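Trainee: Residues per chain, in single letters:
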Amino acid sequence: MGTVVTGAAGDDVHVIGIRLVEMGLRHAGHDVVSLGALVAPAEFVDAARESKADAVFASSLNGHAQFSLAGLRDALVEAGMGHVLLYGGGQLTIGRPPWEEVVALFVDRLGFDRIYDSDVPIEQVLSDLEQDLALRGESR
Amino acid sequence: MGTVVTGAAGDDVHVIGIRLVEMGLRHAGHDVVSLGALVAPAEFVDAARESKADAVFASSLNGHAQFSLAGLRDALVEAGMGHVLLYGGGQLTIGRPPWEEVVALFVDRLGFDRIYDSDVPIEQVLSDLEQDLALRGESR
Amino acid sequence: MTATPEGLSDRATVLAQYPPAAEQLDLAEIADFVVAEPAHRRVAQVRAEARRSGRVLLEPLAGFGGVKQHTDALTVLRDKGTADILPTQVDSQTRNLKFDEVATMLAEHGDGPLPLNGYPIVNHPLTVTRDLVSTVDRPIELRIGSTDPRLAAEMAFAAGISSITAGPLYYLVHYSSAVTVEQSVANWGYVFSLASWYARQGAPVGLQVHGLGNSTPFPASLLGAGAVLECLIAAARGCRHFAVDSRLMGNLRQDVASLRAIRDAVEHYLAQAGVDDAVVTMVRKTWAGRYPADEARAFGLISYTAVSGMLSGADEFISNSVQEGVGIPDPEANAASLRAIRHVVDLLGPQPELTREDEGVEREYALITAELHAIVDAVLDLGEGNPGRGSARALELGVLDVPFAASRTCRGEVVTARDSEGAVRFVDFGRLPIPDWCRKFHSDAMERRLARTAKSVYDVVVSDIFSISNGPLVEVAE
Amino acid sequence: MTATPEGLSDRATVLAQYPPAAEQLDLAEIADFVVAEPAHRRVAQVRAEARRSGRVLLEPLAGFGGVKQHTDALTVLRDKGTADILPTQVDSQTRNLKFDEVATMLAEHGDGPLPLNGYPIVNHPLTVTRDLVSTVDRPIELRIGSTDPRLAAEMAFAAGISSITAGPLYYLVHYSSAVTVEQSVANWGYVFSLASWYARQGAPVGLQVHGLGNSTPFPASLLGAGAVLECLIAAARGCRHFAVDSRLMGNLRQDVASLRAIRDAVEHYLAQAGVDDAVVTMVRKTWAGRYPADEARAFGLISYTAVSGMLSGADEFISNSVQEGVGIPDPEANAASLRAIRHVVDLLGPQPELTREDEGVEREYALITAELHAIVDAVLDLGEGNPGRGSARALELGVLDVPFAASRTCRGEVVTARDSEGAVRFVDFGRLPIPDWCRKFHSDAMERRLARTAKSVYDVVVSDIFSISNGPLVEVAE
Ligand code: B12
Ligand code: B12
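Protein chains in written order, with the working numbering: chain A, 1 to 140; chain B, 1 to 140; chain C, 1 to 478; chain D, 1 to 478.
No lab work stands behind these hints: they were computed from the structure.
Treat the numbers as computed from the prediction; the structure is a model and nothing was measured.
Note that beta-carbon positions come from the ideal geometry of N, C-alpha and C, so glycine has one too.
Watch out, some of these pointers could steer you wrong.
As the list claims (entries may be wrong) - Chain B regions said to be covered by chain C (calculated; three or more residues, Cβ under 8 Å):
(1) 16 to 22
(2) 27 to 37
(3) 62 to 74
(4) 94 to 106
Based on the sequences and whatever the hints tell you, model everything.
Mentor: Spelled out as C-alpha cells, the structure:
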C-alpha cells in the first residue's frame, strides 16, 4: 500500500471524479493526501515531498490539462521526487482526439507514467497502481 | 369553379394528404371526383373524361411517383383530354433532392402543370388553381 | 407433403401464387426446422418473457430489397440500436403479389441493392432467409401491409421469422382500396391458422395487432375496438400471442389511459370468448403521422413517446426513426433513434407508471372503455358473435368507421380533432354507437376548444393533423 | 461620475482591478444607456412576461472568446435554436481576475478565435459588447462561475446584458477552493447592490439563482435550501427578480415535487423577510452531471428533462447540449438540442402539470419541504436572521454541507445515493438538521435498495453517480 497525493490541476474545479478515485484508493488501503480543486504544480510537489508520496494523481477535465500539467514532472524531478509515479485522468483534451495523440503528449512528452480516459473503471486504476508499486518495490 | 379528379397514384396508399386537399377544394366550391388510393393512370383518365374534369390532382408519397405518374399526361392527351390541368403533390421523390431536379422531372419531362412540396399550404394550391382556371377560361 | 392442416384448405391455391416458392415449402421439413430454432429467436417467447421480467423491448422499422443490404441494416440495428426484435418490412410488389416482376428484378440486379421498398420474402430463396435469421440471431417480425399476406407468411414462418403484423381490418382499411372485408378476413384467417399450426409444432408465432388507428388524431376507443376485433378473429383460429398497439396520440393522460384501457379490453373480450391462455403484451408505437423534417425535433418527439409509453406501462416500443419526415432512414440514424428511446426507457425503468389516481387518466380510461365496449358489442351483435362477419357489416353500416381511410369499405363520416389540452375528440361521430354521456363529453371539450379560437371547425381539423409534426399540440396563436 | 451608490462603497477597489475597463464605466452615461435599451432585451422582464403568458423559455449554454465567434454562436442559437434568452459564459481567466493575461492574448489574436473557454467580458471594450447585445437583439444572461464577479458584472450590465447567474454559495462551494464564505458573500453582495442600482434606474437586472446542487444525485431539500438562502442574501440588497433552479435528478415524481417545493419555499421565505414584490420563476436545468458520450442517448436525456420540467410546471429550461459528454458543443448541435426540447415543450404546452394528487409527488413534496425548512431555519438561527452570516456558520458546523464540493469550507460528510425507484436519498446525513421522520424515510428507502443488491454501499454510491449517463437510473443487474 502506498501514499497518493490527489488533486484537480490548475484552474480546474472538477473534483467529483478525483474524489471518487480517492474513495477507491482509501477503500483499497492506500493513504490519500487530497488537495481538492485548483491545485498548482508547486502544491502537488510540496505535498508529495511532505508526505513522502509514492504517487501523484492529477485530474483535469476542463480542457486545460496540457497547460496546467505541463511542468509537473520537471518540478517533481527538481524537488528530488523524480521517482514518484505520476498518473493523469479526467478529460485531458478538448474534444476527443485519437487516444494515441493524448498518450504521445502526456506520457511521451510530459512524463506521465499512466493516463486514463474518463471511461476507465476505478478498479483498473487500482490494479495498475498495485502493479507499479510492486515493481518499484522490487527495483529499489 | 371547376371539377377536379383526385387520387393517390399507382401502388400508393397515402391518402390523408390528398383527402385534405379534397376538403379544401370542396370548401372553395369546386366539384371533386375522389378516386382514393391505388389509382392507375387509366382510372384517372376515365374519371376525367366522364366528369369533364378541368384538372387532375395526383398524389404520391411512397417514393414511386416517377414510375406511377410517368404515363399520365400522354394518356390524357391520347384520350383527347390534353387540356386538363395536371397537378402533382405529396413526396414525389425518395429523400429530398434539390427542388429544381424534381421540377425538371415532373414538369419538364412528365408534363405536369404544377407540382408541390409537402410543405405547401392548401390555400396556395387553391389560389394557383383559381388563377390557372381563369387563364384557361380566357384563352378558350 | 403431409395432409392439409386445419384451416389451410386453400393451401394449394396459395402455393400456386408462385410455384418457385411453393416448391421449397415442405411442412414436414419445416416442422423439424422450426422446432430446432433456438427459443431466443422466437418473438412470442421473447415478448412473454420480457413481460414477466419487466424488460422493455424495442423494435425499429426497416426493410431492404437486397439480402446483403437488409442483413447489414438489421445488424446495425441489433449492434448499435439495442433492438430486441428486428423487423423485416416487405416490399410493395410482394404485398401486391407481383412475384414475377420481383423475379425479373432479382435476375437483373443479382446480389446488389434492389429498387424495392422492402424485403421480397417470397422471391428470396428459403435458405437465404434462413441464413438471414441465423446470422442476425434475433427474433424477427414480418411487417406486411397487405390484404393477401398468405404466401409471404408461408415463406417467412418457414424461414424462422416468428411473428407477423396483423391486420385483417387494419390493412384492409389503410392499405387497400377495392378489397372486401370478407376477402381480407379470409386471407388473414389463413395466416392465423398457419400460425396455429406452428404453435402446434411447438414453435408459436406471434401477432403484432394494429387495431384500426390511422395517422391523424385518432380516438383510442376506435383504435382499441379494432384491436379487440382483430384479436378475436385471430383467437378463433387458435392464435394466442398478441402484442397490441396503443399508438401515441400526444396527450399524455389520454395516452396513458389508452394503453391500459386497450389492454384491459383485449383481455376482457378474449376471456369472454373463452380464451384463457392468451399472452397479451402492449406496444406503444411512436407517432404514426407526419413527422418533423428536422431530426432534432424528431428526437424530441420520439423521446416524448418513450416517456409516455413508460408512464403507461408499455411492454414494448415500435419506433419510427428521426428521419421519418424526410425519407427512408439510413440504418445508423434508425439505430440512433432507438438509443434515444432506450435511454429514456432506462431512466424510467425503475419508476412506477402514472397511477390511475390521476384524475385526468382516470377520466380518459372510463371514456375510452365505455366507447370501446359499445363499439365492440355492437359489432359482435351484427356478426352474431362472429367478429369477422360483424366487422364487415359494421363497416358497411358505419358502426365501424375511420376518417381518412384508403379503403372504399369505410364510410368516412367520422371526424376528429384535438381539445384544448390536445386530447383527441370526436367532432362528428358518424354512425358510431358512442354512448350519450361520452358524446356530451366530446362535444363539450370541442366547444371549449372552439370558443378559444377564431378558426372554423374545418381549419381546426386540418391544423390538428399537422400539430404533432409542427410542435404545438394545440396551436397557440389562435 | 455620480456619488457612490448604496452598497457599492467598494466600487473604487473593484474598478482598480483593471483600469482600462474602469475608464469606460461612467454611471451617468450607463443610466441613460440602459433605460433606452428596449424592454424585449431585458431578461427579468421577459421572464416575468413569460410566466404571465405561459410561454416556456429556453436558454442554452455558450461562451466563446472572440467577439465574432461568440456573436456567430449566439446568432445560430437564436435563429436555429428557438432560444429566448441567450447566454454569455465567461472564461476562466476572467473568473480568476487575470485581466492582464487576457489582454496579452487579445493583442496576439486580434479578431480571431481565442484560446479561452468563455467570453472575456472585462477585456472586450464596452462598445463591442453593446454591439453584441444589439446585434443579437435578445435578452442576454451573464454566466459566471466565480466568487469575485464584481468587475465582470459592472462591464456586463453597463453593456445591456441584463441578468447574471448567482452565486454566493453555489460558486463558492463548487468553483473555489480556499475562498471564505464571507468573501464570496461580500463580493456577490456588491453585484446584488449593483443590480439594484440598475433597477432604480428603471432597468432591473435578473438573477438566475443556482442553489447548492452539484452534479451527482443531489437532494432537492439541500438544493432548495441553498436557493432560498441565496435569494434572501440578494433580496436584502434589493434584488427582486429570481429565476430559481430546480435541476433534473432523474426520478420524475421527485423532480416534479422538487420544482414545486422550491418555488413555494422561496416565496415563503421571501414573504417572511418582508419582500412582497419579488418575481420568482422556476428553471429546470438539464442534468448537470456526466453525460452520455453518445449524442443519441443525450437527445433522450435532454428530452426526458423537458418532459419532467413541463410536468413540473417549469417556466424555463436551461440546457446542456447533446455534445456535453464529449466537449465544447458546436453551436449547430447546441441549437439542435434546444429544438428537441422545444418540440417537447410544444407538445406538453397545453397539457396540465402532474397534479399533487399523485401519491408519489405528494410524499416527495412533503419530505422536501420539511427538510428544506429545517435546514433554512437552522441557518437563519445561526446567522441571527442574517442569511449570509448564517450560511458561513452553517457550512463550518456542517448544518449546510455538500458532497463532492470543490471548496474547503464544506465538511463533505453528507453522502447520497438513489433508492430503488431512482429517487435521491441521503445515505449519510452528516450534521444536517434533518427531521427524524425524514431520516427514517431515507433510511428505509435505502435499506430496500440495498436489500436488492449484492453491492456495498460504497459501490452503490459510486455507480449512482454514473447512472443517468449510462442509462439505467438504478442499475438493473445487481
Ligand atoms: C459536472 C461538470 C461540471 C461541474 C463540476 C463540479 C465540480 N466541482 O466537480 C461544474 C458545473 C462546476 C462545471 C464547470 C465547468 N465546466 Co464542466 N463538466 C461537468 C460534467 C458535466 C461532468 C464531469 C463529472 O463530474 N463527471 C463525473 C466523474 C465521476 O467522472 P470524471 O470526472 O471523468 O472522473 C472519472 C474518470 O475520469 C477518472 N478520473 C478522473 N480524474 C482522474 C485522475 C486520475 C489520476 C485517474 C487515474 C483517474 C481519474 O475517475 C473518475 C471515476 O470514474 C462534464 C461533461 C461530462 N463529462 O459529461 C463537464 C465538462 C468537463 N466541463 C467543461 C467545461 C468547459 C466547464 C467550464 C469551463 C464551463 C464554463 N465555461 O463555465 C466550467 C468551469 C470549470 C473550471 N474552472 O474548471 C467541459 C470540458 C471541455 C473539454 N474538456 O473539452 C465538459 C466536458 C463539458 C462540455 N462538453 O463542454 N462542470
Ligand atoms: C402516414 C404515413 C403512412 C400511412 C398512410 C395512411 C394512409 N392510408 O394514408 C401508412 C402507415 C399506411 C404508411 C405506409 C407506408 N409508407 Co408511409 N408515411 C406516412 C407518413 C408518416 C405521413 C404521411 C402523411 O399522412 N402526412 C400528412 C399529410 C397531410 O401530408 P401530405 O401527405 O404530405 O399532404 C399534404 C401535401 O403534400 C399536399 N399534397 C399531397 N398530395 C397532393 C397532391 C396534389 C395534387 C397537391 C396539389 C397537393 C398534395 O397537401 C397535403 C396537405 O397539406 C410519412 C412520413 C412523413 N411525411 O412524416 C410516411 C412516408 C410517406 N411513408 C413512406 C413509406 C416508404 C411507406 C411504406 C412503403 C412503408 C413500408 N415499407 O411499409 C408503406 C406503404 C405505403 C404504400 N404502399 O403506399 C415513406 C416514403 C419514402 C419517400 N418518399 O422517400 C415516408 C416518407 C416515411 C419514411 N421516412 O420512410 N405510411
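Trainee: Are 3 or more residues of the segment 94 to 106 of chain B near chain C, judged by a Cβ distance of less than 8 Å?
Mentor: Answer holds; 3 residues pass the 8 Å Cβ test.
Trainee: Counting residues of the segment 62 to 74 of chain B whose CB is closer than 8 Å to a CB in chain C, do you get three or more?
Mentor: Holds, because 3 residues of the segment 62 to 74 of chain B bring their Cβ atoms closer than 8 Å to Cβ atoms of chain C.
Trainee: Within the assertion that chain C covers the segment 27 to 37 of chain B, do at least three residues meet a Cβ-to-Cβ distance smaller than 8 Å?
Mentor: Satisfied; 3 residues make the cut.
Trainee: Three residues minimum, CB to CB under 8 Å: does the segment 16 to 22 of chain B make the cut for coverage by chain C? Let me know.
Mentor: holds (count 3)
Of the numbered hints listed earlier, not one is contradicted by the structure.
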